[in-house]
Amino acid sequence: MSIEILMPALSPTMEEGTLAKWHVKAGDTVKAGDVIAEIETDKATMEVEAVDEGVVEALLVDAGTEGVKVNAPIARLAGEGDVASFDTPASPAAQDDVKGGPAPTAKVVPEATPARHPEQAQSAVSKDATTAPPKLNGSGDRVFASPLARRLAQAAGIDLKSIQGSGPHGRVIKADVDAARDKASSFAKASEDRPSTAPARQHQTLEQQGIPAGSYDLIPLDGMRKTIARRMTDSFRDVPHFPLTIDLEIDGLLAARTKINAMLEKDGVKVSVNDLVIKAVAVALKRVPEANASYTPDGIAMHHHADIAMAVAIDGGLITPIIRAAETKGLAAIAAEAKDLAARARDKKLKPEEFQGGTFSVSNMGMMGIRTFASIINEPQGCIMSVGAGEQRPVVRNGALAIATVMSVTLTCDHRVVDGAIGARFLGAFKALIEDPLTMIV
Amino acid sequence: MDFDVIVIGAGPGGYVTAIRASQLGMKTAIVEREALGGICLNWGCIPTKALLKSGELYEQLSHLEGFGLSVTGKSFDFSKVIERSRGVAKQMSSGIAFLMKKHRITVFDGAASLEKGAPAPKVVVRLKGGEKTSLTAKHVILATGARARTIPAIGLEGDGDRVWTYRDALAPKTCPKSLIVIGSGAIGIEFASFYRALGAQVTVIEALDRILPVEDEEVSKAAHKAFERRGMTFRVAAKVTRLSKSKTGVSVALEAGGKAETLEAEVAIVAVGITGNVENMGLEALGVKVDRGHIVTDGHGKTNVAGLYAIGDIAGPPWLAHKASHEGVHCVEHIAGLKPANLNAPIPGCTYSSPQVASVGLTEAAAKAAGHEPKVGRFPFRVNGKAVAAGEMEGFVKTVFDGKTGALLGAHMIGHEVTEMIQGFAVAMTLEATEEDLMATVFAHPTMSEAMHEAVLDAYGRALHI
Ligand SMILES: Cc1cc2nc3c(=O)[nH]c(=O)nc-3n(C[C@H](O)[C@H](O)[C@H](O)COP(=O)(O)OP(=O)(O)OC[C@H]3O[C@@H](n4cnc5c(N)ncnc54)[C@H](O)[C@@H]3O)c2cc1C
Numbered sequence: 147m148s149i150e151i152l153m154p155a156l157s158p159t160m161e162e163g164t165l166a167k168w169h170v171k172a173g174d175t176v177k178a179g180d181v182i183a184e185i186e187t188d189k190a191t192m193e194v195e196a197v198d199e200g201v202v203e204a205l206l207v208d209a210g211t212e213g214v215k216v217n218a219p220i221a222r223l224a225g226e227g228d229v230a231s232f233d234t235p236a237s238p239a240a241q242d243d244v245k246g247g248p249a250p251t252a253k254v255v256p257e258a259t260p261a262r263h264p265e266q267a268q269s270a271v272s273k274d275a276t277t278a279p280p281k282l283n284g285s286g287d288r289v290f291a292s293p294l295a296r297r298l299a300q301a302a303g304i305d306l307k308s309i310q311g312s313g314p315h316g317r318v319i320k321a322d323v324d325a326a327r328d329k330a331s332s333f334a335k336a337s338e339d340r341p342s343t344a345p346a347r348q349h350q351t352l353e354q355q356g357i358p359a360g361s362y363d364l365i366p367l368d369g370m371r372k373t374i375a376r377r378m379t380d381s382f383r384d385v386p387h388f389p390l391t392i393d394l395e396i397d398g399l400l401a402a403r404t405k406i407n408a409m410l411e412k413d414g415v416k417v418s419v420n421d422l423v424i425k426a427v428a429v430a431l432k433r434v435p436e437a438n439a440s441y442t443p444d445g446i447a448m449h450h451h452a453d454i455a456m457a458v459a460i461d462g463g464l465i466t467p468i469i470r471a472a473e474t475k476g477l478a479a480i481a482a483e484a485k486d487l488a489a490r491a492r493d494k495k496l497k498p499e500e501f502q503g504g505t506f507s508v509s510n511m512g513m514m515g516i517r518t519f520a521s522i523i524n525e526p527q528g529c530i531m532s533v534g535a536g537e538q539r540p541v542v543r544n545g546a547l548a549i550a551t552v553m554s555v556t557l558t559c560d561h562r563v564v565d566g567a568i569g570a571r572f573l574g575a576f577k578a579l580i581e582d583p584l585t586m587i588v
Numbered sequence: 003m004d005f006d007v008i009v010i011g012a013g014p015g016g017y018v019t020a021i022r023a024s025q026l027g028m029k030t031a032i033v034e035r036e037a038l039g040g041i042c043l044n045w046g047c048i049p050t051k052a053l054l055k056s057g058e059l060y061e062q063l064s065h066l067e068g069f070g071l072s073v074t075g076k077s078f079d080f081s082k083v084i085e086r087s088r089g090v091a092k093q094m095s096s097g098i099a100f101l102m103k104k105h106r107i108t109v110f111d112g113a114a115s116l117e118k119g120a121p122a123p124k125v126v127v128r129l130k131g132g133e134k135t136s137l138t139a140k141h142v143i144l145a146t147g148a149r150a151r152t153i154p155a156i157g158l159e160g161d162g163d164r165v166w167t168y169r170d171a172l173a174p175k176t177c178p179k180s181l182i183v184i185g186s187g188a189i190g191i192e193f194a195s196f197y198r199a200l201g202a203q204v205t206v207i208e209a210l211d212r213i214l215p216v217e218d219e220e221v222s223k224a225a226h227k228a229f230e231r232r233g234m235t236f237r238v239a240a241k242v243t244r245l246s247k248s249k250t251g252v253s254v255a256l257e258a259g260g261k262a263e264t265l266e267a268e269v270a271i272v273a274v275g276i277t278g279n280v281e282n283m284g285l286e287a288l289g290v291k292v293d294r295g296h297i298v299t300d301g302h303g304k305t306n307v308a309g310l311y312a313i314g315d316i317a318g319p320p321w322l323a324h325k326a327s328h329e330g331v332h333c334v335e336h337i338a339g340l341k342p343a344n345l346n347a348p349i350p351g352c353t354y355s356s357p358q359v360a361s362v363g364l365t366e367a368a369a370k371a372a373g374h375e376p377k378v379g380r381f382p383f384r385v386n387g388k389a390v391a392a393g394e395m396e397g398f399v400k401t402v403f404d405g406k407t408g409a410l411l412g413a414h415m416i417g418h419e420v421t422e423m424i425q426g427f428a429v430a431m432t433l434e435a436t437e438e439d440l441m442a443t444v445f446a447h448p449t450m451s452e453a454m455h456e457a458v459l460d461a462y463g464r465a466l467h468i
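Residue numbers (our numbering), protein chains in the order written: chain D, 147 to 588; chain L, 3 to 468.
Calculated from the structure, these hints are not laboratory results. These numbers were taken from a predicted model, which means no experiment stands behind them. Keep in mind that the hints are not guaranteed to be accurate.
Okay, the calculated beta carbon distance ranges per label pair [claimed, not checked]:
| hint | chain 1 | residue 1 | chain 2 | residue 2 | range |
| --- | --- | --- | --- | --- | --- |
| 1 | L | P320 | D | A166 | 34 to 40 angstroms |
| 2 | L | L71 | D | A325 | 56 to 62 angstroms |
| 3 | D | G574 | L | E438 | 49 to 55 angstroms |
| 4 | D | A155 | L | K104 | 54 to 60 angstroms |
| 5 | D | P314 | L | G393 | 37 to 43 angstroms |
| 6 | D | A155 | L | P448 | 53 to 59 angstroms |
Beta carbons: idealized from backbone N, C-alpha and C, even for Gly.
Could you put the whole structure together from the sequences, leaning on the hints where they help?
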């Protein structure tokens, strides 16, 4: 079966680009990972790598062709076994005869046929060619699939959106679901013990990467390590995330904390900066509820409560116990709960419901002297806040240099649900609360 | 290079391929040694349908009383029946000449052969006038079709007089009084049906144990009965050992169930399959792979020789005009670097006898053999309102579904004009419909097609009118 190589998108918004250069020609054998072409847009140049192994059957778009639409076929690869039985030099004809690419500038009528009803030929080809490229079905809301394919996918528990359709207009047909199911089952076998659900990456041993055996000790992966590896890999790869950083002056907050702790001393409660941050986050989420949300394929989940997960470093990893409905709780309650959860987390005594779930995470590395950092989204939450160290820094006040205690926080946002403006509004609300802590209690 | 594509043979495979190639902007030529339209238009699909219509109308004259009508002195003029059929063929063939012109396809009147060349074999055409011309192209597509298979060793060989192949049977001088048809595939059965309608004594001999052996067994059985009702006789599981000519006609020796028998008739029609036109084209010298009279191709019509393709009857069964066209379109679209429609789309097959037979996809037995657990539905026309009103109550519709997935695996019909109905199931199968979609489809009332709906419902125990 031949495989079509499609025009890749260099950015989510890219619609077309220039096929700048081919690195292969018809007849060449390519391996996965080989650079086969260079694509240019007004913003960038990128190398296109072969994903499959095979023999280049035909280049469908000439080097230098502009305006090649994303997902248009640019070359055809003969898969294994294709060429074996027929000694024909894999049809270079395709490129001579008809440019299969839908590019409006692509030549359609071969030179041998001057001015023969070119409109007709052109429309026939470009129409066919534009309908030809199989699109990944996830792009739109509606998945085009045959009734039988739908039923088979459902029975096999395969998401239709994850399948590339090979039918007319990229429709998913039975053969595609069968292929996906076969692939899934062979992959499942191969990856039983893999930490990631990612499509299998070529696994290279350390030796292959120049680190000789015997020069290190191997610590077996335990359950927590595997979970961290899997969840973080999935999130970092699949969630379109971006960081927003803001500086907060916390002299007022520190003063308030001293007063509060003096008041609570008799109750044996001590409020930390982290507790104040959690309280401020909960209140800010109430003011900007769009930041307390999760992306799901069915819609945006707007959470009713601010269930704040706090990252706690423990032996061999970390865990994120949750302070539920933090927006309904007073500072003393939050402080007491946080202390108890952290202690039991270190003893590994948390119940699953105490660390599963949560709508927003806070990770604080201030006490370790980290100034700023950007955490990885804790799926399915929309945001995670990374809290840096409070330290004395020069600030400019009324045109003059002054000293203030400043703490930087970075909000990592899932762009599918929290856009930059929402993140900024949330940080604005949070800053107002931290810099004027009295407002937290009203 | 003279052309982008040269197509050899202008049957439904070749001429459709040429049109599609031209639509795709390729400079295209077609070579035909006989008549545009190939077997299909000149000596196959179309002229047989013209004859069968005459036969059907004539047969209906005998049933008019039931409708309150009467005719007296019914008769036919055989030469006019043949003349009409030839006229229809001619009309269709000249239509192809117009299409070639419209699509600016260069037509060469002559026989083509191939010589070594690159990137594709050279095409040498011996023109009608006798002179030769040599053409080059990037791609050469063979669509030279097939002809009747003969077995001379036992006398199964046309002589244009007493022993006919389909060409003779399409244009004889007189209508035989008695006829033996050897082979009960679509072609044999259509001729049997036509000549029986005009009053000939017809016996059909079939080597396998049932007539129309590619059809579902239930359909074969129903067809057997329906034809017997019309006065045809059959010998199934019967092996012809010798066909010889006698003074009055032919005698056919056969063996059935261990017993020998000899049948006599005025004429015999040999319809024991077809064989590809692979000779005298230089295929051996090029080393083109040929297997039992057919050219071997890959999934896109490519042969083992660079630049050479083969489609249609010459590339193997099923020997059907629409299969030839489908393959041809697929082949040139693939050459053009497009992504053509599935080559293995379900291909309906029709027999235009009276009653007609039509089917698509797997028979019940084939479905079982392929490992499916079929769910089967049936609905007879005898309880279909339109069929009763029209007096066409013979036959039924049968559906075969995959019990697990609800995929429609096949559909089989026998009855009046079922060849026009099978298309509904072919569309459904191509779109990968399940029983649910077919159940949800609204069928117009009253139509014979409602029996299709009911046959679907019946497979799931939900038929409404039975
Ligand atoms: C009596 C009969 C009834 C039929 N009824 C039906 C039917 O109802 N429905 C159906 O689908 N099919 C029917 N068929 C089958 C159908 O006719 C064939 O499947 C179809 O014609 C195949 O098309 P093709 O283009 O492959 O070949 P053909 O139609 O056989 O065309 C091949 C052409 O190539 C030409 N040719 C051969 N060699 C050369 C050469 N060296 N140089 C130049 N030209 C050459 C021939 O002259 C011919 O015109 C019937 C066949 C017969 C005999």
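Each hint tested on the structure:
no.	hint	result
1	P320(L) x A166(D): 34 to 40 angstroms	48 angstroms, violated
2	L71(L) x A325(D): 56 to 62 angstroms	60 angstroms, holds
3	G574(D) x E438(L): 49 to 55 angstroms	53 angstroms, holds
4	A155(D) x K104(L): 54 to 60 angstroms	41 angstroms, violated
5	P314(D) x G393(L): 37 to 43 angstroms	41 angstroms, holds
6	A155(D) x P448(L): 53 to 59 angstroms	54 angstroms, holds
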